[in-house]
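Student: Kindly generate the complete structure, drawing on both the sequences and the hints.
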Amino acid sequence: MNAIMEATNLTVAFPGTVAVQGVTLSIQAGETLALVGESGSGKSATALALMRLLPASARILSGRVRFEGTDLMGQPAAALRRLRGKRISMIFQEPMTSLNPVMSIGGQIAEVLRQHESLSRKQARDRAVDLLALVRIPDPARRYDEFPHNLSGGMRQRVMIAMAVACNPRLLIADEPTTALDVTIQAQILELLDGLRRQLSMAVLLITHDLGVVAQWADRVAVMYAGRIVEQTTAARLFQGGGPAHPYTRGLLVSTIALDAGKHYRHARLHEIPGTIADAAGAPGCAFAPRCPGAHSDCLHRPPPLEEVGPGHLAACFAPLSNGRLSSSHGDDDALALG
Amino acid sequence: MSVSPPTLSPAPSIAMSTGEPEANHLSRRRLPRAILRNPTALAGLLILLTFVALAVFAGVLYPQDPLDMVGAPLLWPGQDPEFLLGTDSMGRDVAAGLAHGARASLLVGAISAVIGLFIGTLVGAIGGYFGGVVDDLLVRLTEFFQTIPTMLLAIVIVAIAEPSIGMISLAIGVGSWPTIARLTRAQFRSLREADFVMAARSLGYGDARIIFREILPNALAPIIVTASVMVASAVLTESALSFLGMGDPNVVSWGNMIANGRELLRTAWYLTALPGGAISLAVLSLNLVGDGLNDVLNPRQRGE
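Protein chains in written order, with the numbering used here: chain A, 43 to 381; chain B, 671 to 974.
Check the hints yourself; a few may be wrong.
Computed far set for chain A versus chain B, every beta-carbon distance over 12 Å [to be verified]:
| hint | residue |
| --- | --- |
| 1 | A71 |
| 2 | A89 |
| 3 | I102 |
| 4 | E110 |
| 5 | M115 |
| 6 | L125 |
| 7 | R126 |
| 8 | G127 |
| 9 | Q135 |
| 10 | Q150 |
| 11 | H158 |
| 12 | P190 |
| 13 | I315 |
| 14 | P326 |
| 15 | F360 |
| 16 | A361 |
With the C-beta cut set under 8 Å, the calculated list includes, among others, these residues of chain A facing chain B [unchecked claim]:
| hint | residue |
| --- | --- |
| 17 | L95 |
| 18 | L96 |
| 19 | K128 |
| 20 | S131 |
| 21 | E136 |
| 22 | L141 |
| 23 | P143 |
| 24 | R156 |
| 25 | Q157 |
| 26 | R184 |
To be clear, the hints were calculated from the coordinates, so they are not data collected in a lab. Note that the coordinates shown come from a computational prediction; the quantities given were computed from them, not determined experimentally. Note that the Cβ used here is the ideal one computed from N, Cα and C, for glycine as well.
Tutor: See the structure below:
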């Protein structure tokens, strides 16, 4: 396995806040890495930093991003433009507004092709029709000339995916691709993405806050909290094996509703993580400490480093959990509903 | 933990919603029909097309130079069937003057609007898209030009240079672009944050591409509406210049027809009334077209 994208110690600041703090992350060729976290945890900022697409107000304070062996930080704008859409592409959360409303969907796909490859209009059109078929849009030749407002949200997201994979990228960053869609469409879109990943042998960085999605589609998981990666492991290990090592991940897991566990809010209170993500803003220690059931004095003074707690399992915690349970005396709500 | 989704058929047939409520954007094919359904726009368009036809076929209808003396002076309209709208104090055909004057007026209106649109769109797009120092400088430039009245600027430019159709158009265009620039800038400032612009960046499109292919087509509706009003005010400005004797002396224009008829206002009022009516009608038609386009293109005012 070789990493196609490696971010090292990436720190991104927006005016007034540091959105991403020392994130180190690597994506292997052909895998799906899920980047999980709640709103405001820095997932999207990380993704945009990887593509060097941060808004002008944001600053990359430190860190390196290597993609296929080249350092993206030192690249001129023109070189980055040649990469974007061709070697790395991205799909966004809002399919309703991510397509240009005044251009036909087929035309938009053909544009991408003509931007990165020297194709005639006819060739680009043919390829675009093929791509519409690839993302399973029925009757692609007729759909080519339709405008975005003629399509449903799921269909528009398919068009976005077609544009993103048009030039066979090595890495596809999917920033909450299904959050705006209803659940039945969500599963279809994720299945399509996973199929395309295999078919085109590309890697997928799947940004989500939905652990159900992670469990089903991801090979590896990185959990972000307040701009830092707090845990990184394989999906198999997190959901079937040893379970989470970081209390935040455990908190996320127990606060999901597990259908097969027969739990329901009428039978038992849903678990929640007390407090909000903003509680630790500016604090010197672990950002999760104010909300952590196992926090001790160390946690308040310096942030815990991301260290190996098991094979291929990293966690940033001074008191990592073993088997999803707190090692210390806190055992009050350990009724974990792990599948 | 793992929520398994229902197994899916390989080609899901998601029902296409046919009547989506937010179908704001008129496709190119539906736009003409929407204009035809709008009585205001239709009326304006018909009057305007009549003037355009008159201007285009002026040379065919009245092949003679409209400045030539062709008949007895001061014939009233209807007095001589050869000169349907009469003749002026020099025996020139008023109808021929009106037709050729339409040519001058509409030409100046169109050229100056194109010049104004070009400068205004470019300045507004660049300022609004890039922001920062570039924007600050361009806004100052726009404000500088906005403080100079178009009419005054046109008089100065025409007085310095020679009064030809091209120079008059340029003068009016240079004086009227700030409106377009401010409008375009506002559009670009909001649209540059749009999701599809972010998506375009993620696809590797360059700035020029994003400005002209992604944002501009989406910003066009209010610009087009303003442009039609700009043509109307350019027609007025040109008439005023000609009335003041600062128009092209070799070309008949509605403005100088009024100027020539002014002295005979009490005896031969038709000499001022006819070209005056033509100006009013032309300006009215352009305003009607602008209003109609606004109704058709502006989703917020449509369909209540």
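Student: Confirm or reject each hint.
Tutor: So, going through the hints one by one against the coordinates:
With 12 Å as the threshold on Cβ separation, the claim that A:A71 sits away from chain B holds: the shortest Cβ distance comes to roughly 21 Å. At the 12 Å boundary, the C-beta of A:A89 falls inside the reach of chain B, the nearest C-beta of that chain being 10 Å off. Here A:I102 stays apart from chain B, with its beta-carbon at least about 16 Å from theirs, past the 12 Å limit. The Cβ of A:E110 sits about 15 Å from the closest Cβ of chain B, beyond the 12 Å cut-off, so the non-interface label holds.
No Cβ of chain B approaches the Cβ of A:M115 within 12 Å, the least distance being about 18 Å, so the stated non-interface status holds. Distance check on A:L125: its Cβ comes as close as 7 Å (rounded) to a Cβ of chain B, failing to clear the 12 Å threshold; non-interface status is violated. For A:R126, the shortest C-beta to C-beta distance to chain B comes to about 4 Å, within the 12 Å cut-off, and the non-interface label is violated. The Cβ of A:G127 sits about 4 Å from the closest Cβ of chain B, inside the 12 Å cut-off, so the non-interface label is violated.
Not every beta carbon of chain B lies more than 12 Å from that of A:Q135, the smallest distance being close to 8 Å; the non-interface claim is violated. Its closest Cβ contact with chain B, about 9 Å, brings A:Q150 to no more than 12 Å, contrary to its assignment away from the interface. Once the 12 Å rule is applied to beta carbons, A:H158 is inconsistent with being away from chain B; the minimum gap is 7 Å. At roughly 8 Å, the least C-beta separation between A:P190 and chain B is not larger than 12 Å, which violates its mark as non-interface.
At the 12 Å boundary, the C-beta of A:I315 stays outside the reach of chain B, the nearest C-beta of that chain being 17 Å off. No beta-carbon of chain B comes within 12 Å of the beta-carbon of A:P326; the shortest separation is about 35 Å. Residue placement check: A:F360 keeps its beta carbon more than 12 Å from all beta carbons of chain B (closest about 27 Å). Even its closest Cβ contact with chain B, about 24 Å, leaves A:A361 beyond 12 Å, as expected for a residue assigned away from the interface.
Interface hint status for A:L95: upheld, as the beta-carbon distance to the closest one in chain B is roughly 6 Å, under 8 Å. With a least beta-carbon distance of about 11 Å to chain B, the hint placing A:L96 at the interface is violated under the 8 Å criterion. Contact between A:K128 and chain B, as hinted, is supported at the beta carbon level, the nearest pair being about 6 Å apart and thus within 8 Å. Here the hint on A:S131 is kept, as its CB sits about 6 Å from the closest CB of chain B, short of 8 Å.
Annotation: interface hint on A:E136 holds; nearest CB of chain B at approximately 5 Å, less than 8 Å. A least Cβ separation of about 6 Å between A:L141 and chain B falls short of the 8 Å threshold, and the interface hint therefore holds. A hinted interface residue such as A:P143 counts as satisfied when its beta carbon comes closer than 8 Å to some beta carbon of chain B; here the least separation is about 5 Å, so the hint holds. The interface hint given for A:R156 is violated, since its Cβ lies 11 Å from the closest Cβ of chain B, which is over the 8 Å cut-off.
Hint on A:Q157 holds. Least Cβ distance to chain B is approximately 6 Å, under the 8 Å limit. At a threshold of 8 Å, the smallest CB-CB gap from A:R184 to chain B is about 12 Å, leaving the interface hint violated.
The structure fails to meet hints 2, 6, 7, 8, 9, 10, 11, 12, 18, 24 and 26 from the earlier list, while all remaining hints are met.
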